[in-house]
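**Q** Add chains B, C and D to chain A, keeping to what the hints say.
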Amino acid sequence: MRAALVDAPLDAAGLLAEVSAPANGAAIVFVGTVRESNDGRAVTGIDYTAYAAMAQRELDAIVGEAATAYDTPHVVVEHRLGTLTVGEASVVIAVAHPRRAAAFDASRFVIEQLKKRVPIWKREHYVDGSREWVDPTGVLVHPSPADQGHTSAGRATTAEAQR
Amino acid sequence: MRAALVDAPLDAAGLLAEVSAPANGAAIVFVGTVRESNDGRAVTGIDYTAYAAMAQRELDAIVGEAATAYDTPHVVVEHRLGTLTVGEASVVIAVAHPRRAAAFDASRFVIEQLKKRVPIWKREHYVDGSREWVDPTGVLVHPSPADQGHTSAGRATTAEAQR
Amino acid sequence: MNVTVLLFASYADALGTTELEIALPAGSTVADAVRRVATLPGADRVPPKPLVAVNERYAAPEQRLAPGDQLALIPPVAGG
Amino acid sequence: MNVTVLLFASYADALGTTELEIALPAGSTVADAVRRVATLPGADRVPPKPLVAVNERYAAPEQRLAPGDQLALIPPVAGG
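Chains as they are written, first to last, in this note's numbering: chain A, 8 to 170; chain B, 8 to 170; chain C, 30 to 109; chain D, 30 to 109.
Hint data in this document are derived by calculation from the structure and do not stem from the laboratory.
Quick reminder that beta carbons are idealized off the backbone N, C-alpha and C, glycines included.
A portion of the hints provided could be inaccurate.
Stated by the list, open to error - Covered stretches of chain D (chain A as the covering partner; in silico rule of three or more C-beta atoms under 8 Å from a C-beta of chain A):
id : stretch
1  : 33 to 39
2  : 95 to 105
As the list claims (entries may be wrong) - In silico lysine to aspartate or glutamate, DMTMM-like type, Cα no more than 20 Å apart, as pairs:
id : chain 1 : residue 1 : chain 2 : residue 2
3  : C       : K78       : C       : E91
4  : D       : K78       : D       : E91
5  : A       : K123      : D       : E85
6  : B       : K123      : C       : E85
For reference, chain A alone in the conformation it holds in the complex (with noise of 0.2 Å):
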């Protein structure tokens, strides 16, 4: 059980080899990735940001729910932070369990939560060099003093709710 914030590239194999034991048949790593495009927009990088003392604590929190209701000590996260390009690893969650169901079950439990409480935020970099916040939540999100190009009106990004 270990959550962890880390700024080099993340290993999936690493945090798999953390999760395997012999009580264990089955292991399930989910590895989110930066998309070359969001919301009909190309994008060329993301920024990750955090409240790193705070996102430490949630996911900290939300490992050891999971490990709590499916009974497993094998959760482990890591949650890239610093700019990535398109493809790299922004999140590794990596869970295993005697038996399949429970692995899926706590699996998605962990991305869900991590998507809705731990403080994080990406700024998306497009290939017009314009570079805006993502707000899951569909509300106006303003652009940063480098997006000069927009009003400060700024445009609506609904992003995704399901990446």
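**A** The following block gives chains B, C and D in isolation, referenced to the frame of chain A:
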């Protein structure tokens, strides 16, 4: 989209790389491993055998169905055959998709279908040296000739429908 | 007509072979072939209505067989 | 009493800083602190009722603050 029966150790990281693509936001790797116990008996290893031609055909059909149902070409499954020790991977399924919900569902679809219809069998090795074919349907499995200590009535192996 | 019967796992152990040939009247079905196999020594350890594949596809008991068909008796599968 | 206010992502861009100190009357609540922040230049680009954490835990608007508390205004999270 690919399915294979293989005689060598499976490479989960390789399958993850195989399904990765810039359009995808989520990848799921499912790894099924040999557990140290089943149905209360200590297990030391498992022989996997198959009706190879038909198993290949069914695996091909399953990944095709998953690709169609979940609208992604990024579905790969490998099942190992031969004698495995505890902790070794018997099956690896890698799925990637733009959206995580579909990736989870497609992964789950492949393993459930595989367990239901692909003609692969396993014979567990127990610490007492005996070996038995596993019957997930829970009806009587008769001991193999190597298993002299049991009567021909055998014992009920309810096995795991849920590993 | 002759058809090949493939046996696997516990069924192969029961009948002591992985493959055999049986001769059946023209027009015979999967169920007819299964009943023939049930008369062989050791077949008491195969259930009366096993899953069957014909030419690598699952087949219903009433499916008619053709000369040279490859029948397989499929024990309960346990992959994964 | 003084409390620290942490700002992140779009809220930090809006107010042009990641951290500030505000002085509040004793007995003030999270909602009071948020109303104070709303008077600052650029705060028109922060919603009137943002998510708030106090000392790294999500907090309700009516929660009372203590001197030295660390308040954080939390933009819509987008991890994963």
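**Q** Any hints this thing doesn't respect? Which numbers, in order?
**A** Of the numbered hints, all hold.
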